[in-house]
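Chemist: Next come the chains, spelled out residue by residue.
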Amino acid sequence: MEKTILSGNEAIARGFYEAGGLFASAYPGTPSTEILENIGQYAEIQAQWAPNEKVALEVAAGAALGGARSLAAMKHVGLNVAADPLFSMSYQGVNAGIVIVSADDPSMHSSQNEQDNRWYARSAKIPMLEPSDSQEAKQFTIAALEISEQFDTPVLLRTTTRVNHSKSIVLLNERAAIESKEYKKDFAKNVLLPTNARKKHVFVEQRLKNLEEFANDCQWNRIEWGEKSLGIITSGISYQYVKEVFPHASILKLGLSHPLPKKLIREFADQVEKLVVIEELDPFLEEQIAAMGILVEGKNRLPNIGELNSDIISEAFGLKSSAGASVLNDVPIPPRPPVLCPGCSHRGIFYAMKRLKLTVMGDIGCYTLAAIPPLEIMDTCICMGASIGYAEGVEKASGEKLKGKLIGVIGDSTFYHSGITGLIDIVYNQAKTKICILDNQITAMTGHQENPSSGLTLKKAPTNKVDLEALCRAMGIKRVVKVDPYKINETIATLKAEMAADEPSVIIADAPCIIRARKVFSEPYFVDPEKCIMCGMCHKVGCPAIEKDENGKTKINELLCIGCDICRQVCKPQAIQKPVG
Amino acid sequence: MQNLKYAVTQKHPVINVLMSGVGGQGVLVASDILVLVAMHAELDAKKSEVHGMAQRGGSVVSQVRYGKKIFSPLIEMGTADVILAFEKLEAIRYLDFLKPNGIVLINEQQITPLSVFSANIPYPQNIEELCRKKTEHVVLIHGIKIAEAVGNPRTINSVLLGALSNFLEFDEHHWMKAIAERVPPKTIELNRQAFEAGRLGNESIG
Numbered sequence: 148m149e150k151t152i153l154s155g156n157e158a159i160a161r162g163f164y165e166a167g168g169l170f171a172s173a174y175p176g177t178p179s180t181e182i183l184e185n186i187g188q189y190a191e192i193q194a195q196w197a198p199n200e201k202v203a204l205e206v207a208a209g210a211a212l213g214g215a216r217s218l219a220a221m222k223h224v225g226l227n228v229a230a231d232p233l234f235s236m237s238y239q240g241v242n243a244g245i246v247i248v249s250a251d252d253p254s255m256h257s258s259q260n261e262q263d264n265r266w267y268a269r270s271a272k273i274p275m276l277e278p279s280d281s282q283e284a285k286q287f288t289i290a291a292l293e294i295s296e297q298f299d300t301p302v303l304l305r306t307t308t309r310v311n312h313s314k315s316i317v318l319l320n321e322r323a324a325i326e327s328k329e330y331k332k333d334f335a336k337n338v339l340l341p342t343n344a345r346k347k348h349v350f351v352e353q354r355l356k357n358l359e360e361f362a363n364d365c366q367w368n369r370i371e372w373g374e375k376s377l378g379i380i381t382s383g384i385s386y387q388y389v390k391e392v393f394p395h396a397s398i399l400k401l402g403l404s405h406p407l408p409k410k411l412i413r414e415f416a417d418q419v420e421k422l423v424v425i426e427e428l429d430p431f432l433e434e435q436i437a438a439m440g441i442l443v444e445g446k447n448r449l450p451n452i453g454e455l456n457s458d459i460i461s462e463a464f465g466l467k468s469s470a471g472a473s474v475l476n477d478v479p480i481p482p483r484p485p486v487l488c489p490g491c492s493h494r495g496i497f498y499a500m501k502r503l504k505l506t507v508m509g510d511i512g513c514y515t516l517a518a519i520p521p522l523e524i525m526d527t528c529i530c531m532g533a534s535i536g537y538a539e540g541v542e543k544a545s546g547e548k549l550k551g552k553l554i555g556v557i558g559d560s561t562f563y564h565s566g567i568t569g570l571i572d573i574v575y576n577q578a579k580t581k582i583c584i585l586d587n588q589i590t591a592m593t594g595h596q597e598n599p600s601s602g603l604t605l606k607k608a609p610t611n612k613v614d615l616e617a618l619c620r621a622m623g624i625k626r627v628v629k630v631d632p633y634k635i636n637e638t639i640a641t642l643k644a645e646m647a648a649d650e651p652s653v654i655i656a657d658a659p660c661i662i663r664a665r666k667v668f669s670e671p672y673f674v675d676p677e678k679c680i681m682c683g684m685c686h687k688v689g690c691p692a693i694e695k696d697e698n699g700k701t702k703i704n705e706l707l708c709i710g711c712d713i714c715r716q717v718c719k720p721q722a723i724q725k726p727v728g
Numbered sequence: 161m162q163n164l165k166y167a168v169t170q171k172h173p174v175i176n177v178l179m180s181g182v183g184g185q186g187v188l189v190a191s192d193i194l195v196l197v198a199m200h201a202e203l204d205a206k207k208s209e210v211h212g213m214a215q216r217g218g219s220v221v222s223q224v225r226y227g228k229k230i231f232s233p234l235i236e237m238g239t240a241d242v243i244l245a246f247e248k249l250e251a252i253r254y255l256d257f258l259k260p261n262g263i264v265l266i267n268e269q270q271i272t273p274l275s276v277f278s279a280n281i282p283y284p285q286n287i288e289e290l291c292r293k294k295t296e297h298v299v300l301i302h303g304i305k306i307a308e309a310v311g312n313p314r315t316i317n318s319v320l321l322g323a324l325s326n327f328l329e330f331d332e333h334h335w336m337k338a339i340a341e342r343v344p345p346k347t348i349e350l351n352r353q354a355f356e357a358g359r360l361g362n363e364s365i366g
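Protein sequences, first through last, are from chains A and B. 148 is the number of the first residue of the first sequence in the working numbering; add one for each residue after it. 161 is the number of the first residue of the second sequence in the working numbering; add one for each residue after it.
Keep in mind the hints are simulated off the structure, nothing from the lab. Fair warning: there could be bad hints in the mix.
To be verified - Between beta-carbon pairs, the in silico distance windows are:
{"no.": "1", "chain 1": "A", "residue 1": "Q724", "chain 2": "B", "residue 2": "P282", "range": "24 to 30 angstroms"}
{"no.": "2", "chain 1": "A", "residue 1": "E523", "chain 2": "B", "residue 2": "G311", "range": "29 to 35 angstroms"}
{"no.": "3", "chain 1": "B", "residue 1": "P173", "chain 2": "A", "residue 2": "E705", "range": "46 to 52 angstroms"}
{"no.": "4", "chain 1": "A", "residue 1": "S235", "chain 2": "B", "residue 2": "A279", "range": "48 to 54 angstroms"}
{"no.": "5", "chain 1": "B", "residue 1": "I281", "chain 2": "A", "residue 2": "E705", "range": "20 to 26 angstroms"}
{"no.": "6", "chain 1": "B", "residue 1": "P260", "chain 2": "A", "residue 2": "Q353", "range": "58 to 64 angstroms"}
{"no.": "7", "chain 1": "A", "residue 1": "R665", "chain 2": "B", "residue 2": "P284", "range": "32 to 38 angstroms"}
As the list claims (entries may be wrong) - Cβ-to-Cβ under 7 angstroms is the rule here; a few derived chain A residues that face chain B:
{"no.": "8", "residue": "S313"}
{"no.": "9", "residue": "Q387"}
{"no.": "10", "residue": "S457"}
{"no.": "11", "residue": "D458"}
{"no.": "12", "residue": "K695"}
Everything numeric in this text was worked out from a predicted model, so none of it was measured. Note that beta-carbon positions come from the ideal geometry of N, C-alpha and C, so glycine has one too.
Kindly generate the complete structure, drawing on both the sequences and the hints.
Modeler: Printed below as a string of C-alpha cells:
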C-alpha cells in the first residue's frame with residue numbers, strides 16, 4: 148500500500164475519491180478551502196465553486212438525489228449560511244450518500260467567531276464524525292458516505308484547523324467502483340409538505356436511535372485501556388493531545404461523536420475511578436454525559452475558549468506550570484500582522500475614503516485589513532454581506548447625521564455570496580445607501596479561488612462571467628459607476644459625486660488582484676532624499692514596500708515595489724518618483 | 161557544535177523542529193520536505209501550520225515532529241530541538257519554544273515589518289545575543305549569499321535545509337528524494353545544488 152504525507156484537507160479529498168465520489172461543491176473559507184481544490188484534481192469527479200455555502204449544499208444535495216455520491220465543504224460560519232437546507236435534508240434523507248464537511252476554527256486563526264459546530268449535528272439530528280489526523284480524515288470521509296447510505300441521512304464530518312492544516316502519513320487505496328444510483332420520484336420522501344414532514348420527523352427520531360446502537364459497536368469508537376484510575380473521553384484533535392499528556396490513562400476515543408454511544412460510555416465510566424472529558428470549545432460531550440447521570444469533570448478545569456494543546460491540558464491538570472520567565476520579557480518584538488500586498492488596488496480606494504472622512508461599514512476579505520493601522524478606515528466586520536445591510540441600517544437610524552458620509556464596502560466574491568439580497572433591500576425599501584464593490588475578479592483572501600466574476604471554473608475551464616454593472620442596474624440601482632482605484636484624484640472626485648447623490652449608488656472599483664494577475668506596473672520607484680520632508684504621508688497608505696532609511700527619510704524597497712504609483716500620488720513634495728523609461 | 165546531531169533513539173524518541181519566517185519565503189515547502197525525509201527514513205511524522213491570512217506577508221510558523229510514534233502535531237513550549245529561522249526577527253518570536261541548549265539556525269536576512277515604521281517599535285539589533293541567553297548553539301547562515309552563488313535566490317529554502325541537515329541524523333539520499341518530490345520538476349537539480357551548498361556553507365561558518 149502506498150503511503151504519503153497529506154494534510155487533513157488533502158486526505159478528505161482523497162477519501163472522497165476513494166469512496167467513488169462523483170460531485171463536490173464548496174465556497175472557499177479557511178480552513179476548508181483546500182478540500183475542493185484537491186478534489187478538483189481528480190478527473191473522475193465534478194467539482195465546482197458555488198457562490199455561497201447554501202448553494203453549495205443544495206447543489207450537492209441535488210447531486211446526491213440524482214444518484215451521485217456527493218460532498219459539500221465549508222468553514223464553520225459557512226454552515227450557518229447552509230443551515231436552512233441542512234435541517235430539512237435531515238428529514239428528507241438521501242438517495243446516494245452525502246457528506247457535509249464543517250471546518251471549525253478554534254482560536255480564530257482566520258475567522259470572526261469560534262462557534263462549535265458540533266451543535267449542528269445535534270440540532271439537525273444527523274450523525275457526526277470527528278477525525279483526529281489525516282489518516283482518519285480519509286477513512287472518516289469514506290465512512291461518512293457509507294453511513295449516509297446505510298441510515299438514509301446526511302452526515303456531518305466535523306474538523307478543526309489543526310486537523311485540516313496539519314500533515315501526517317496516510318495510506319492510499321484505489322478508488323472503489325461505486326455505481327451511481329437512479330433518480331427516483333418519491334413524494335413522501337422528497338416533498339416536505341407538513342403531511343409528509345410530520346411522518347419524516349418520526350423517522351428522524353428512530354434513525355437517531357438506530358445510529359446510537361451503531362455508535363456503540365462501530366470501529367470508530369474505541370476504548371484504549373490503560374490504568375483505570377483515570378478514564379478520559381475525547382474526540383477529534385484533542386485525542387492527540389490526551390495521548391501526549393496522559394500516556395497511561397484509559398481513553399474512550401469517539402470518532403462517531405453524535406449520537407453518543409451511551410452504552411459504551413456507561414461501560415467505560417463504570418470501570419474507571421475518575422472520569423474526565425477533554426474537548427475543545429464547548430462542553431458538548433460533557434453536558435450530555437453529565438445528563439446521563441454520570442459524574443464527570445471537564446470544563447471546570449479546561450478553557451472553553453481557543454484551541455487546546457498539550458501545554459494547556461498539562462497545566463489544567465496540575466502536571467506542569469507555565470515555563471519560567473521568558474528571556475524575551477524585556478524585548479518588544481515588532482508584530483508582523485498580515486498586510487495588503489504591495490501594489491494592492493484596495494489601498495487606493497481606502498485612502499480616498501480616508502481623505503473624504505467616510506464612515507465605512509466593512510465586510511469579509513483581504514480588504515478587512517483596512518480596519519487596522521495605518522488605514523483604520525473600516526468600522527465593522529461581522530459576516531459575509533453584512534456591509535450592505537449595516538450601511539442601510541445605520542443610514543436609517545442616523546438620519547441626517549451621517550448623510551453623505553456613510554458607505555458600505557464589499558468585495559466581488561462576498562457580494563455574490565450574500566450581498567445581492569442586501570442591495571435589493573436598499574432598492575425595495577427606498578434607502579439611499581452608497582455601496583462600493585471592490586471588484587478584483589477573484590476570491591483573494593483564501594488563496595485566489597475562481598468565482599462568478601473571474602471567467603474560469605474551479606477546474607480552470609473558461610466560463611460565463613457575471614456582468615456586475617448590469618446586475619446592479621437590473622436590481623434597480625440607477626447610479627452605477629466604475630473607478631480605477633489606482634488614480635487617487637479621480638477616485639476621490641467620483642466618490643464625492645456619488646456620496647452627494649440623493650439616491651442609492653454603487654461604485655465599482657474595477658481592478659484585478661495584482662497577485663493573481665502577476666501584474667507589475669513599472670520598475671521600482673525611488674525617493675529623492677533631498678525632497679523628502681519626512682511628513683509621513685506615504686506611510687499612511689500602509690504599503691510594505693515603503694520603509695525608512697537611517698535618517699528617517701522614506702526609502703522604497705526595490706524587491707517589493709511593483710510601481711502601482713499610489714505613494715507617488717500622495718507625496719506632496721514629489722520626493723517619490725517614477726523611474727524614467 | 162560540529163558533533164551535535166540529533167537522532168531518534170530510545171532516550172530521544174521525538175525530535176521537534178520549528179521553522180519560522182515571513183509569508184512568501186518558502187517555510188511551508190521546507191517543512192513539507194523535512195516531513196517527507198522523516199517518512200522515507202521509516203519514521204512517523206507530523207507537521208502543523210496555519211494558512212490563510214499569513215499569505216499576506218505575515219509571520220509564518222511551521223512545526224515539525226518526527227519519531228517512532230507522533231501524536232500531537234504541535235510542539236510544547238520549551239521542547240523544540242531546533243529552531244530554523246528564515247528571517248532574524250522570526251528567530252526570537254518563537255524562542256520560548258526552544259529547549260534549553262537547543263539549536264537556533266538563523267538566516268542572516270532582515271525583512272522589516274511595517275510596524276517598525278508605523279508603530280515605531282524598533283527592530284531588535286541584538287538577536288544573536290538574545291538567542292544566546294537561551295542556548296550556546298546559535299548558527300548564522302548567509303542564506304541569500306549562498307543561494308545567489310548557486311544562481312537563484314529563490315532556492316533559499318533548500319540552502320537552509322542543507323544547513324539544517326548538518327544537525328539531523330538522516331541519510332543524504334532521503335533529503336534528495338524529498339526535495340525532488342516537493343519542488344517544481346524543472347528546479348530539482350538547482351535545489352539539490354542549493355541544499356549541498358547550504359550543507360557546506362554552514363560547516364564553514366559554524
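Chemist: Of the numbered hints stated previously, which ones are contradicted by the structure, given in increasing order?
Modeler: 2
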